[in-house]
Each structure stands twice: as C-alpha cells, then as structure tokens.
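Chemist: Protein chains in written order, with my numbering: chain P, 1222 to 1487; chain L, 412 to 713; chain V, 22 to 474.
If you are wondering where the hints come from, they were derived from the structure by calculation, not from laboratory data.
One thing to keep in mind: the hints can contain errors.
Partner residues aside, some chain V positions facing chain L, computed with beta carbon under 10 Å [as the list claims (entries may be wrong)]: (1) Ala105; (2) Ile113; (3) Ala139; (4) Gln220; (5) Gly223; (6) Pro233; (7) Gln279; (8) Ser418; (9) Thr429; (10) Leu433.
The beta carbon of each residue, even a glycine, is placed where N, CA and C say it ideally should be.
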Amino acid sequence: MRVRSVGKYAGAVILALWVLFPMYLLTAGAFSTQSGVYQYPKSLWPHWSTGTMSFFWDSAGVPTALGRSVIVAGITVVLAMLLGIPAGYAIARYRFRGKNAYQLSIVSTRAFPVVVLSIPLAVYFLQWGIYDSVYAVALMHTALVLPFVVLITTSVLAGVPVDLEEAAQVFGTSRLGAFWRVVMPMALPGLAAAASFAVLMSYNEVFAASILTIERPTLPALVLNALTASPDPYKFAAAWVLMIPTFVFIFIMRRYILGFGVERRL
Amino acid sequence: MSGRTTASVPADLQPPRSSPVRRRRPGWAPYLLLAPSVVYLVVFFVVPLLQGLRLAFTGEDGAWGLATVHELLNDPGFWSSVWNTLIMLAIILPVQLVLALAMSLLVNSKLRGSGFWFYVYMLPLGISELTSGIIWYSIFTQQGWLNSVLQDLGIISHPYIWLSYQHQLLIIATIVVAEAWRSTSIIVIILVGGLQAIPREYSEAADVFYASPWQKLWHVTLPLLRPTLRTALILRTVLAFEVFATVIALAGSSLSVLATKANNAYTQFQEPHLAAAYGILIMLLSLLSTALFLVLLPVRTE
Amino acid sequence: MDGGSARDRDRLISRRGVLRLGAAAAGGAATAGLLSACGSGGGGGGSNGNLVFLSDQLSTTEETAAMRGKVLSGFKGGSVTFTAFSDTTQFIDQVVAHSKAGSGALDLIGGLQGDFVALDAQIPLRDMSDVINELKDRNFPQAYLDLAKIKGAYRFVPWITASYLMVANKKALAHLPSGADVNTLTYDQLLAWAQKMKQAQGQPLFGLPASPKGLIKRFFQGYAYPSFTGGLNTQFKSAAAVSMWQYFKQLWAVTNPQSPTYAFMQEPLLSGEVWVAWDHAVRLSDALKNQPDNFVVFPAPSGPKGLGYEPVLGGLAIPSSSKNVAKAKSLISYLTEQQVQSTMITEESWFPPVGDSALPKNLAPGVSAEAKAIVATTGATGAIASQLPIGLGAQSSAYDKVFVDTFTAIALNNAPIQSTLASEGATLQSVLQTAKAACWKPDPASTGVCQVG
C-alpha cells in the first residue's frame, strides 16, 4: 500500500514539475538582463533584472488593455451563457430532428480559420459603429466560444437526472421553475466551469481582437507585436504579462472547474 | 455524463444509463431553445463565413468554378501538409490521452493535496498558443534552454540543432511535446468530471473480486468513461486541426500543416481564395473526424 | 437525495452564494463596459481632432515606443495615435475595411511601396499630388517619385528608405578567405568563408531569414538573381540562373539548418547561433545597437554580373475618407522635415529618401556603420539597382510566392533545379500575364508583358 502511495506522490510531483518548469523558464527569460537572454549556455538561475519588464510596461499601456480584456471577457461570458444554456438544455433533454446536425455544425464552425474572415467582420462592425470597442470584440468572442459552451453545458445538464425535475413538477412548480430551482443549483459548478473556459478563451484570443481594434486594444492585441516581431527579451516580457492574470483567475475558479461534472458521489 | 444511482436501486453491473429522454413529442420547445444560439451564430459567424466560403469556389476573376480547388490540389506542399496534419494528430491524441488519464486518475484518487495538484495541472489552460510557441522555441532553439542544460550536464559537447529542417520527424516530436504541455489541461478537466461521475459501487464491486488496479482501470473505469472520452477526443481533435501558431514557431517554413497553409496563404501571400479553400478542407476534416468518433464510440441514447 | 443532504444543501447554498457573487461580478464588468464604451464615444477614431496613424513598419516594442516618444511627441499640430501592425496583411485588411465601410477613422497610413500597390488593387487611393507639390523643397529623388505614381497620380509621399545588408560577428572575421576584404566580397568568397567557418567550428554559421515572415524572397529577387544573371524575370530559368541555384545549394549546405525559423536575423546573431547573416537593415539594427563592438556591417557581395541590390521605400498617404486632411498634411510635412528624419535615423534605423549627401554627421556608431554600408552598396562599381516591381498590383504576393516556392523546392526539398525552374517559370509567366506587367530593372524594358526567360 505504502509503495503505491509513494509511487502516486512521485508521479504527481513529476507531472507538476513538467507543467511548472517551462513557466519558470519564461519567468527567467522575462526578468533577465538583455545580455542574459542571449548568452549561451543559459543559466537556470539568471542575473535577475526588471529592466526589460519596466520598459515594456511603461511603453505599452498594459493596465488599460488588461482592464479591457477583463470587460470583454465579462460581456462574452454573460452573452455566451445566455445563448448556450438553453441550447445545452435542449440537446440534453430532448430528442428532435436536426439535433445531430446542430451539434456537428456548431463544432465545425470553429474549424474555419478566423483570419480569413477579417475583412467582412471588420466592415460589419465599422458599419454598425461599434468598431474598435469592447463591444465588437465581445460580440466576436461570443461567437467563437459559443460552440464550446454549448458542448460543455450539454454534458453538464445531461448529468443532472431528469427524475429530479419531474419530481419538482409533480410538486407543482412549472417547467421553468423546476429548471431554475432544481437543475441550475446542481448544474452550477459545471456551468461555472463552462464560464471559466469562456473567459480563458476570450482572454487569450488574439487575432480577432487585433483585427477589430486600433486605439482600444485588448491585452493580447496590444502585445501582439511584442509577441511576434520584437526582440526576444520583449517577447518573454509580453508572454509573461499575458500569462500571470490567468493564474490568478484559475486560482479563484479552481474549485468550480474541479466541480465540473458531479461534485460528489453517492 | 452518466447519471447517478439512488440508494434504493441496487448497484448492477450494467453501464449507467444517461438521463432518459422525454417520450412525448418535443413540440417547439427544443427549437425555441436553440434559436438564440443559431441566430447569433448565423449573424456573427455564418454570414461572414459564407462570404469566405464563396471565395473558395470563385477564381481570382470572380467567376464560379473549381479553379481554386485545382490550385489547392496543385499547391506545392499540399499533400505533405495533409500528411503532416494527420501524423501529428495520430501522435498527439494518444500521448495526450495517456498523460491526461494519468493526471486525472491522480487527482481523483485519495491523494493528499489533490486540490493543489489539480490547480497546477490546470495552469496551462491560461496559456495561449503564441505564448506556448515562445516558451518552447526558447527551449528547443539551438542556443536555448534544452541545449544549455544538456551541455551543463555534459551530455553534449556542443549545441544540437533540434529544429533543423533536415529532421522533420524531430520537429514533429517537438511540436507534440509543446502541444502536450499546452493543451492537456482541458482533457484532464473533462476526464476528472467523468471519473467523479462514476459511482463508487463499481469500483467497490471490482475490489470484491480482487481486481488489480490495472484490471480495474481497463475493465471498469475506461468503459464507463467512454462518453467522456468521446467528448474529450472530439474537442481535442477539432482544436488540433486549428493549431498553427505552435507549428510556425517551432517549424517555420520547414514543414506545414493544413492550418499553417491556410494562414500563410492569407497573411504571407495575400491569396484569400486559396486560404478559404484550405479553410473548407479543414472544416470538412473536422466534421469527418467528429462523425467518426460519434460512430466508433457510440453512447447509449440521447 | 437522502443521507447527508442537509449538509449538501447547506454547501450548495453557500456555493451558490459565491457563484451569485461571481455572476454579479461578470454583470458588473459588463455594465462597466457599457459605460466606458459610451464615455469614449464608442468606435470611430480620429475623434476630437486626434490623428490616427496606422503603419506596418516600426512595429517592434522599441520602435513603436521611439516613434511615440521621440518622433511624434514633437508634433505641434495635435495628438497622434500611432498603431503599428507587424503583419502586413492585417494592416492592409484594416485599411481596406475602413475604406469599404466609408469610416473616417484613419487619418494617415505609412506603408511600403508594395503595400500601396496592393492597396490600389482593392480600394481607391487618394491623390497625393497636392502634398507632393507643397513639399517641393524636400527634394525627393525622381526615382522615388516615379515609384509613388500609381494609375497616373502620386499616391504616397516618399518617407523612409532602407536596404538589405550583411552583418558578421567579429569572431567570424578570422575565417575570411585570404585576400578577401569584407567590404568588397564576392559571392564565391562568401561561400568559401561560410565553408571555412563550418569546418573550423563544427557548426554551420551562416544564416538567412527563411521563415514565413523572413525576407529571403528579396534575397533572390534583388540580390542573387541580378548579381548572377544580370536580370530577373527574363533570366529566371536561364543557364546563369541554373548556375546561381547550384551555387546557392552549396551555400545552403553551410547555412544553419534552423534558418527556416529565422525572421529577424538580429536574434540568432545576438544569441550566437549565426555568425554571418544577410537581412533587411532594420532587422539587423538591434545587433549593432546592443553590441556594437561585436559586429561589423558591410554591403552584400557581388556576383559575376555585378552587385545586385534592392532599395526599400516607405511612404505616407492620407485615406480618402479621413476627416482631418489638413492636420494629416501637416503631420506629413513634419515627418519629412530634416530634423525629424535625423531622429528617424538615430532611433529607428530608417534613412530619409534623399541623396546620401544629406545624411547628418553625428550618428551613433551602429547606425553610422549601416549608413556607410548602404552608401558603399549604392556607390559600388557594377552596382545593379533593382527597381521595385511596378504594375504587379494584386499579383505582387503571387509573384513573391514563386520565389518562395522555388527556394523551398530546391533548397528544402532537394528538387532538381532545372525542372523546378521550368515549372515555377510557367507560374511566373502566368502571374506576369494576369498582372499585364511590363519588365522592370534589372530586366531591359519590354514593350508588352514581361517574358520569362
């Protein structure tokens, strides 16, 4: 027994190191002196310096862009859940014609490269007068995350036994009431997981965001040049800045992501 | 997701049924519920998508025809990009499944601090493809971290060129590693959810028969996990067809997959027709593989 | 539910309570979004007389910061928002989308000559002849003004120029073949040099920017072809071209095989993966700025037919729909002043589109070395200046693709040279045919469509 436990712990630790080590390397790159970035062999414990990071932070307008990313993610989540939960319920509870077609097509829309749609989309939003605003980006992101939100909410809602809904209705509540009072509380952890995915997908989405903004970019759009075309030290700084807020977010939401599915066994 | 058994029903060894569907005619209800999402996607996605699709079936002069399809099939590197896409998929999926299973079994077991492990395993969820490309390029590049460590340990005497165009399989291996690192978390989440939904009774029943952990895994856990595995596979496959930032970061122009071909056609060569044609091909392959998973891993009812 | 359900319910409630908080937070964020969008006037830049300046150059972190902080900060005519896209297609798409939607959001666009040619194929470009007339005292060379003429009128004001150069780590100089001067290399000497480096160091240390975002296509178009064949399209599959590709295969054999991942050669130069590189001057400048004592910069080599080279020309234009035309014009005037152009040289490594004699005297070491190398290139005996392609229009990317595909086939896939040149030559001909493009320097002028030879 104990051998197996030790084995399990060792496995858990190894896997954790596998996840964390590359992130440490990024941190080392972002907080090195510029010459440290280019030296070889690189040292795992570099000469720490905040020079690159402070130049990057000052020049880029990072805090405002981060705020915009948060707002965009917030709008996206609300919209996507409003649209996706009813759809997930329909697929989970009903058998109807077109169900498979809907599921197949909704997932495959994501397979088309967004970059090809840039001109029509930008024209759209320009004509509606909301170009270069958090609105345009949020509307686009909702379209991008909706398929996955539907996929996940279907799974979640299918996991809630229908007997409970029917039992509630036997006691006199309406269909909607049964949904709200019985299904939602049980599905909430799983739905929170779906919401978390939507937030992370929206936060990290860079191409649509950079197409749809000029003066008011989200964080990934702001640092896209730094990520793709700048010298290595700035690449690392930008990537690190992009990465850290997600750690905070995942920490806050971890219990709900963990609760995805069923939170306890009977 | 499988349903729960209540205490009054004795545990039997059949796989759990999914929620029973309503027997009476559905009426308009499901369509009404689907309508908002359909309308939204039609407006924001399908209409521009149709414009994009039209590009694939018109030539440069705007006339309808298969000229672009012809151009696609004769594009230098077309067949190798198809081949590379499929190879990569064939390697990434099993690697990630095994890795994700290991992580999720560990999290699900009664290990102390499983919440902490779970948090750590979740962290790559927040990493975008671009960030991952930057990290792994800095690891695999000639004067990068990997060679630094290997040289410091004395394993190599001078830097090895991992990303050389002459070793395509090696580049594919680095891409698999990078992708396995970046995108396994979502599979772990789905699998953990599925694992937690399996009632304890099944595992306890297997214990009654003195099943070893491997036997339990193979004969009890995995079959019960089938619907979850299917969801995870579909999700991961569709996402895998889209992966291009990782490939561009590590391979550059050494090798291409369909997604990089599509992206390069548009951004490097400003050929929206060709890019749209590649896009349609990617969509079709995603649809095909999704349908394949639905057929090969059927899940009861619904 | 039975058994521990009371406790479960309690837990559910508290969990639900926390989730309610989360939903409220999301709703709050959404509301904040509503309010902020209202306050800032939503979309539509160029608001409040602020000028919106878009470019696909000067897009790295340092370049953009210098543009905002050192160049544009001195403009007295109002505030300017400068946004750069590192991706040319994104830049073009933005400009096209704005034009198609008739928005007044863009006031000034700064792109390369080829970008304006590509734009012209999709949207009407404003006639900039009035601005050119107003700026007569800037003395733009006629060659550049000719390039600015698209469809009979000037479409942009010449703004910045650069060229392609070579940079070597000083450690590499020890391996120069005897008798070779780095400032007057021939391609054969370059090959010998690269071979000696590989032999001595055990690693291939020559590098080329062969990634999808790299500019290796310009190497073939503006440097290799003219230097070896004396022409470009008319010599595409000639015997001289075959021997050029045979030479190139030898050079490629001693080039770092990681080159297909290099876009900006300053990176591998700084990290030491490459000791000698060819690239766009701007993409080499960081190496010279960060470690000026470690690197030397020199002109590209010369071949059997001369020293082929290609200039890069950037220009400024005002979109037809801008609402701030007068202010945009004054910004153009500001950016083409000699004082501001000096700042562009020092901070951005871009040179003014004027004769070499107008260059300022006190340049930083790295930049002045680049300036010297550029002057040495243009002034070399047997220098063959490639004209930038005129008249390719929407086909300019298809044109580039021919060269990229040829390189990929011959160098990466080991395809036989002659059959590759034959099939790519056919593609090239159809591109030129579709564009109805006449030949341009270094090819002799043609009366009809340029014929591939």
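Chemist: Could you work out which of the previously given hints the structure breaks and list their numbers from low to high?
Modeler: 1, 4
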